[in-house]
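Colleague: Sequence:
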Amino acid sequence: MADFVSDTDTLIRYREDEPVDHAAVTVDSFLDQSNASAVRVEPGDDARELIPHLERLALVEVNFPAFGDGRGYSSARLLREAGYEGELRAVGDVLVDQVAYMRRCGFDAFEPDAALNEDDLETALSRWPEVYQPAADSRTPIWAKRHA
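In this note's numbering, the protein residues as written are 1 to 148.
Bear in mind the hints are in silico, worked out from the structure with no lab data behind them.
All values reported here derive from a predicted model rather than from experimental measurement.
C-beta atoms are modelled at their ideal positions from N, C-alpha and C, and glycine is treated no differently.
Be a bit skeptical, because a hint or two may be false.
Claimed, not checked - With beta-carbon atoms standing in for the labels, derived distance ranges:
id : residue 1 : residue 2 : range
1  : E16       : R127      : 18 to 26 angstroms
2  : E85       : E49       : 16 to 24 angstroms
3  : S138      : H53       : 22 to 30 angstroms
4  : N117      : D28       : 18 to 26 angstroms
5  : P129      : S34       : 39 to 47 angstroms
Whenever a hint applies, use it, and build me the whole structure from the sequences.
Modeller: Written out as C-alpha cells, the structure is:
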C-alpha cells in the first residue's frame with residue numbers, strides 16, 4: 001500500500017501515479033464518446049457497463065451522496081474484480097470510519113466533502129490487522145493463513 005498522500009485539502013490517495021486532472025463525465029456520457037478517460041458513477045448507475053472500456057479509464061469516481069448509501073462499495077468491487085487497475089476514487093459523504101472498508105472494496109483514493117483527520121485515518125486503517133473474508137484488496141484472510 002502506498003503511503004498517505006494528500007494532494008489537496010480533501011483528496012487522499014494511496015497511489016504513486018499522478019492524479020487525473022480533468023473532470024469526470026457521467027456513465028451515459030462516457031458510453032456515448034470515445035475520448036473520455038474519467039467517469040463518475042452515481043448510485044443508480046450500473047458499473048458493469050464500464051467493463052468493456054476499462055483499458056481507456058484512468059479514473060473512476062464513485063459518488064456517495066449520503067454515508068448510508070452503500071451501492072458504491074459494490075461498484076468498486078465489481079470494477080476491481082473485472083480487472084480495473086486505474087484510480088478508483090470515493091467522493092462525497094465519505095466518513096473516516098468507512099475508509100478501511102472502502103479500501104477492502106478496491107478504492108485507492110478519497111475525496112470527501114469534509115477533510116479527514118490524518119491521525120484518525122491512520123487509526124481507522126490499522127485497527128483490524130487481520131481480515132476474515134477475501135475482498136478486492138490483496139489482504140490474505142486469516143483462515144487462509146491458518147491453513148497455509
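Colleague: So, for every hint listed, does it hold in this structure?
Modeller: To see whether the hints hold, each was checked on the structure:
1. E16 / R127: 18 to 26 angstroms: Holds - the Cβ-Cβ distance for E16 and R127, about 24 angstroms, lies within 18 to 26 angstroms.
2. E85 / E49: 16 to 24 angstroms: holds (18 angstroms)
3. S138 / H53: 22 to 30 angstroms: Roughly 24 angstroms apart at Cβ, these two residues keep to the hinted range, so it holds.
4. N117 / D28: 18 to 26 angstroms: With Cβ atoms ~36 angstroms apart, the hint is violated.
5. P129 / S34: 39 to 47 angstroms: holds (44 angstroms)
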